[in-house]
Structures are given as C-alpha cells and as structure tokens.
Amino acid sequence: MISNEPPRQRLIINMPTAPGKAPVPVLEQMNSEIFTLTYGSLIRQLITDFEDLDEVNKQLDTMGYNIGIRLVDEFLAKARMGKCSSFRETAEVIGKQAFQMFINVQASVTNWSSDGQECSLVFTDNPLTEFVELPEEYRDLKYCNILCGVIRGALEMVSMDVECRIIQDMLKGDDCYELRIKLKEHKDEKFPYTEDD
Amino acid sequence: MSPQCFNFYVYNRQGVCIHYQEWYRPKSVTQGTGSQADDQKQMFGLFWTLNNFCATMNPKDASKPALGQPRKIGEGCRFNSFTTNCYKLHFYETPSGIKFILNTSRDVGDLRDLLIALYDDVFVDKVIKNPLYIPGQAFKIPQFNSGVDRFLSLRGMLQQ
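Taken in sequence, the protein lines are chains A and B.
For what it's worth, this note's numbering labels the leading residue of the first sequence as 1, then goes sequentially.
For what it's worth, this note's numbering labels the leading residue of the second sequence as 1, then goes sequentially.
Just so you know, the hints here were simulated from the structure itself, not pulled from any lab data.
Among these hints, one or two may not hold up.
With a Cα cut of at most 20 Å, we get these calculated SDA-like pairs of lysine to any residue [as the list claims (entries may be wrong)]: (1) B:K126 / B:K88; (2) A:K96 / A:C176; (3) A:K190 / B:K60; (4) B:K126 / A:E28; (5) A:K172 / A:V132; (6) A:K187 / B:P95; (7) A:K83 / B:D113; (8) A:K83 / B:K27; (9) A:K190 / B:K88; (10) A:K83 / B:A37; (11) A:K190 / B:K126; (12) A:K83 / B:E93; (13) B:K129 / A:V132; (14) B:K41 / A:S85; (15) B:K60 / A:S85; (16) A:K190 / B:R78; (17) A:K187 / B:D149; (18) B:K27 / B:Q14; (19) A:K187 / B:A55; (20) A:K83 / A:E156; (21) A:K83 / B:D61; (22) B:K88 / B:G136; (23) A:K83 / B:D120; (24) A:K83 / B:I116; (25) A:K190 / B:K27.
To be clear about the criterion: a stretch of chain B counts as covered by chain A if any three or more of its residues have a C-beta under 8 Å from a C-beta of chain A, and this derived list gives those stretches [said to hold, decoys possible]: (26) 80-88; (27) 144-158.
Virtual Cβ for every residue (Gly too), placed ideally from N, Cα, C.
All chains should be built: construct the whole structure from the sequences, respecting the hints.
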C-alpha cells in the first residue's frame, strides 16, 4: 500500500554554470537511474492500486503538493533567495535554479501571456521519464504530474496561488515537455489575529 | 562580557509560534504578560507592526505602502534587529513566511547571516526533512532543540 508520504529524492547538481549566471547550490548526489526506476515503480504501483488513471493523476498531484510545501524551504535556504519581485522573476528562478538544483534540468521560460500571468516551462531532458515508454492504453496518464504538484505546493508557500498543467509530453510523441503555469492570485499577508483576541 | 542568547522564537505565516526555546530568562513570563501564549502573540504583534512601520517610513522607496495596508511577504524594506539597553532582538523572515526571532545580549554584531545559516543548516535539516512535521504547525522535535544549541554554542553564543 502506497503511503501518502512522498519519496524524497535529490539529484546532485555539479554542472559548471556559465559566468554571470546565479550560482546553483549543490546538494547531495544520487544516481539518476535509481531515481528514474523508483519513480517508475511508484507509478506502476499507483496504477495497480487505483486502476483509474484520473485517480492516479490526482494522487500524483497530491504527492507533488506534499513534496512542494517542504521542498520550497530547502530551496530558499540553499539558494539564499530573497523575495522574488514578480511572477516573471519567480518563473525564471524555478526554471533556471530550482529545476537545475533538484532534477538537473535546464528549463526555459517561454510563451508569456499578454498580461504576464501565464507562462510555460519548456525542457527536453527529464530524469523522471528516461527509459519510459507509455503504452496506448495509458494515454490519459500524466506521467510527470508530480512536477505540477511540486510547483503548485512550493508557490503556495510563498503566497502565490497557481495552476500548473502539462501541455506537451514527450512520452506522447511531442518534441518537448511543456508545463503551463498560470498565476491565479498573489496573496497579501493578512494579520491573522482578529480584534477580539 | 561574551555574547549570550536569551531566547528563540519561530513563527509560521499564520502567526502561530511553532517553536520556542529559552536559555536565560530571569524575569519569568508570569511577571510579564501572564502566559506563554500571550507572550508569543505579543511578540508576533510587535514584529508585524514594526515591519509595517519600517515599510511605511522607508525614505528610499518611491512608492510607500500606507500604514496598515496589507502587503505581500517581504514587500517593502524589512527590519533586521533592534537594540535596547538590556538586550538585542534579531529578526529574519524567509520568503515562505517562516520568521525567526533571537534575543541576545547587546554585545553581538549583525546576526542576520547567523539566522540565515540557522535556517539552512538546522531548520531545513531537522524540521522540514522530518517526516512527522506538518508544515505550518507547532512542532516538538528534540533534534531541532539540540541542533540549535549546538549551532549557537559552536559560534560562542551560549554560556555553558
């Protein structure tokens, strides 16, 4: 029985960064193949347990959310980040620093909507899906949905409500992975106690 | 006199004190506000108001938020510490809303880097990565207490 505690995996990032770019903190390393195989067997087990692919997608999103709400503190601490001044900067930080730090992927931020509230993270390398082939009967499975949950959870902890979905998936024949992030609300800090307390 | 730490508070975004640790508090809480909970609420109110006040009084910022207007976390300038004739209070707020407050004796310098390192080395390591910790809720993790003690005494901040 899969417990709801998400597996915590970290990949090492030891790639030299280009001069002038923000330095990427280095975490402990682990073998990316173990990561890929563990994720693959997690998906396999979820499918066996739930059988309905929609349920599996939802579970992946929830697990990603649980990871994200904790991961954000680790990222903020390691990257010594201050507050991002805008959603644009936040998206850049996610694509260039966070993805690099945790899964060794350089994602580019593109396709900004006209009001600056929506953008796409595009990448071609994905350690989650190495060696993976998706059979026809699992076409509705969002294999990388855990990433969407992680982004949603992490941004919620910095008071940004976002919606994240997979637009393009290389496992389904597209030529890259594209995650579309939409900012629904950037919340203010409210004083939590009422006058009566 | 060598530096001395008095007490340490950690707050979440909702203003709940999720951790309190003290080393030296000769004036007991009952003589002050009356209860631990009141003391923690007052502390929260203090730095909430101070942050708002600092942002409003900022002479460098062209667009100043009005006092009392809701802001985003970290918007406007932040206050780092204040010194009284008895103690010095240091404050650090992470972008995820976790706030650290450390009261020390007056003869310490700027402890902002120390608090950031505390967040990185001790808080993330012992609290966030603890599978029993539910983000945002009060926790009792002995490893965190001893981690903080070790961290501070390594930096000469605790009289043993």
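Here is how each hint holds up against the structure:
1. B:K126 / B:K88: violated, 26 Å
2. A:K96 / A:C176: holds, 17 Å
3. A:K190 / B:K60: violated, 25 Å
4. B:K126 / A:E28: Holds, at roughly 16 Å.
5. A:K172 / A:V132: Satisfied, since the Cα-Cα distance of roughly 11 Å is no more than 20 Å.
6. A:K187 / B:P95: The hint holds at about 13 Å.
7. A:K83 / B:D113: With a Cα-Cα distance of about 16 Å, the restraint between A:K83 and B:D113 holds, given a limit of 20 Å.
8. A:K83 / B:K27: Not satisfied, since the Cα-Cα distance of roughly 37 Å exceeds 20 Å.
9. A:K190 / B:K88: violated, 27 Å
10. A:K83 / B:A37: violated, 30 Å
11. A:K190 / B:K126: It is violated: about 28 Å lies between the C-alpha atoms, which goes past 20 Å.
12. A:K83 / B:E93: holds, 10 Å
13. B:K129 / A:V132: violated, 29 Å
14. B:K41 / A:S85: violated, 29 Å
15. B:K60 / A:S85: The given pair, whose Cα atoms are some 17 Å apart, holds under the 20 Å limit.
16. A:K190 / B:R78: At roughly 17 Å apart (the allowed maximum being 20 Å), B:R78 and A:K190 satisfy the hint.
17. A:K187 / B:D149: violated, 35 Å
18. B:K27 / B:Q14: Distance of about 28 Å is beyond 20 Å: violated.
19. A:K187 / B:A55: holds, 18 Å
20. A:K83 / A:E156: holds, 14 Å
21. A:K83 / B:D61: holds, 16 Å
22. B:K88 / B:G136: The hint is violated at about 27 Å.
23. A:K83 / B:D120: holds, 16 Å
24. A:K83 / B:I116: holds, 14 Å
25. A:K190 / B:K27: violated, 32 Å
26. 80-88: violated (count 0)
27. 144-158: With 0 residues closer than 8 Å to chain A, the stretch 144-158 of chain B misses the three-residue bar; violated.
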